[in-house]
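A.B. asks: What follows is the residue order along each chain.
There are 2 protein chains.
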Amino acid sequence: MTDPINLRDKLALINDHWRPRLLAGLNAQEVKLAKIKGEFVWHKHDDADELFLVLDGSFTMHYRGRSVQVREGELVVVPRGVEHRPVADQECSILLFEPAGVVNTGDAPRTGLTRDSIDPV
Amino acid sequence: MTDPINLRDKLALINDHWRPRLLAGLNAQEVKLAKIKGEFVWHKHDDADELFLVLDGSFTMHYRGRSVQVREGELVVVPRGVEHRPVADQECSILLFEPAGVVNTGDAPRTGLTRDSIDPV
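Going down the list, the protein sequences come from chains A and B.
Residues in the first sequence are numbered from 55 upward in steps of one, following this note's numbering.
Residues in the second sequence are numbered from 55 upward in steps of one, following this note's numbering.
No wet-lab data here; the hints were simulated from the structure.
Do not rely on the hints blindly, as some may be mistaken.
Each pair may be met inside one copy or between any two copies, as identical chains are not told apart.
Taking lysine to aspartate or glutamate pairs in the DMTMM-like style, the calculated list, with each CA pair at most 20 Å apart, reads [as the list claims (entries may be wrong)]:
id: 1; residue 1: K98; residue 2: D70
id: 2; residue 1: K64; residue 2: D110
id: 3; residue 1: K98; residue 2: E145
id: 4; residue 1: K91; residue 2: D110
id: 5; residue 1: K91; residue 2: E126
id: 6; residue 1: K64; residue 2: E137
id: 7; residue 1: K98; residue 2: D161
id: 8; residue 1: K91; residue 2: D101
id: 9; residue 1: K98; residue 2: D57
id: 10; residue 1: K98; residue 2: D173
id: 11; residue 1: K64; residue 2: D101
id: 12; residue 1: K64; residue 2: E93
id: 13; residue 1: K64; residue 2: E126
id: 14; residue 1: K64; residue 2: D161
id: 15; residue 1: K98; residue 2: D63
id: 16; residue 1: K98; residue 2: E126
id: 17; residue 1: K98; residue 2: D110
id: 18; residue 1: K98; residue 2: D170
id: 19; residue 1: K64; residue 2: D100
Bound-form chain A, shown alone:
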């Protein structure tokens, strides 16, 4: 990990949506890359704060009662317990930072979007 990891090179290897890939681990946290498009499910993580950094494109983060647009070069932190739902009208590339072992759909009922494990990119 002491060698540089190029985000664009790694993004080029991802050809699906809503399936985060592991980029690096540190301090019991994980750095992940994902491409997203379309609507995700409403969910929350009871024990994990979650950071989303937009590398390409933009998406809308819905919270109960309001939403924010997150654009390239912007990040949001969703604190534990806060219900959220990312929606991307166009494909958007994001970097995620969260504790190791977080399941992407949190407390929501399992769906086809649920990923229990994560592959490296």
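Please build the complex by placing chain B on the supplied structure of chain A, with the hints as guidance.
C.D. replies: Below, chain B without anything else, positioned relative to chain A:
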């Protein structure tokens, strides 16, 4: 923190070198922004892995016996206990991710570069 934070807007507020600013906190970790230029000191963190993501420019991360160039859009993770020394010939903007409370110069003797506390940006 559920509102977007724009990295370029925040970087525009930083006019010094080697003084990280707090951008966000999550899971007992901190996300920081810094501009760096020139040579830092050799140091390590015995209890903290440290992530450096280059937002603008590039810098050289020296390890004992070798060094790597880290360019815009690239990240490195320096595991705990690994001696390192960042050097930037030209000004470089970086995002840092590490546990809350890390002192920038680690185990090195205190110098003018040492920052015990961190201000928000």
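A.B. asks: I'd like to know which numbered hints this structure contradicts. Please list them from smallest to largest.
C.D. replies: Going through the list in order, the structure violates hints 1, 3, 6, 8, 10, 11, 12, 14, 15, 16, 17, 19 and respects the others.
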